[in-house]
Amino acid sequence: MSGMFAIVEDTIDTSALEAATRTDACGAVVTFYGIVRERADDGRGVNGLSYEAYEPMAVIEFETIAKEARERFGDVRIAVVHRVGALRIGDVAVAVVAACPHRAQAFDACEYAIDEVKRRAPIWKKEHYLEGDGEWISNDCGHHG
Amino acid sequence: MRIHVRAFARTRELLGSGSLDVELPAGSTVADAWNALEARSPQLRDLAASTRLARNARMVKREDALADGDELALLPPVGGG
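Chains as they are written, first to last, in the working numbering: chain X, 3 to 147; chain S, -17 to 63.
Just so you know, not all the hints are guaranteed correct.
Stated by the list, open to error - 35 Å max Cα-Cα, derived DSBU-like pairs, lysine-lysine:
#1 X:K69 - X:K120
#2 X:K69 - X:K128
#3 X:K120 - S:K43
#4 S:K43 - X:K128
#5 S:K43 - X:K69
No lab work stands behind these hints: they were computed from the structure.
Isolated chain X, as found in the complex (with noise of 0.2 Å):
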């Protein structure tokens, strides 16, 4: 794994993330993984989804919003790998691992930092449907991936 925020092509190695992360003062470790499901939310069915990302963009990002959520919520190592290219239903897009001593607080990190990356960052999708058409999907009118 290159590192804890980064933009990636292949298969996200979930437990190596979550390694990365951890450390031994942390009691907590929790994961969010973003999946590709297999209908829309409008209720099409989806071959699959494309992802692409604004890389350099993107990684400061993540490392902004990491860096927030230490302000909120205290001691929380961050990590959030999001993979762009061609995915199938049932891969992971998005990987969000919050580690800390306390378990409240990497509930609240993780859900913070995967919110604001979807309202945030640099990043496209589009959905293939079984009928052969796509569209591009945005986060700020009523689709939520």
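Following the hints, complete the assembly by docking chain S onto the known chain X.
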């Protein structure tokens, strides 16, 4: 001067490429660059209000100046996660 443009999602599809160089007069602004891109792909006009722009990975306003060698990124509404 010459700037490098990165385009994503729908803006990439409309421009036909995610990575292109654009030649502009010295002293051009972000708005001038956008107008040059719109001249190339008129459908970009529909995305003008919703697309944010970053210069060298930092958000910029339309009136901000560009310099030779800058990277200008077109960032339509995001959909990560």
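Comparing the hints with the structure gives:
1. X:K69 - X:K120: The hint holds at about 16 Å.
2. X:K69 - X:K128: holds (29 Å)
3. X:K120 - S:K43: holds (23 Å)
4. S:K43 - X:K128: The hint holds at about 27 Å.
5. S:K43 - X:K69: Holds, because 25 Å separates the two Cα atoms, which is no more than 35 Å.
Of the numbered hints stated above, none is contradicted by the structure.
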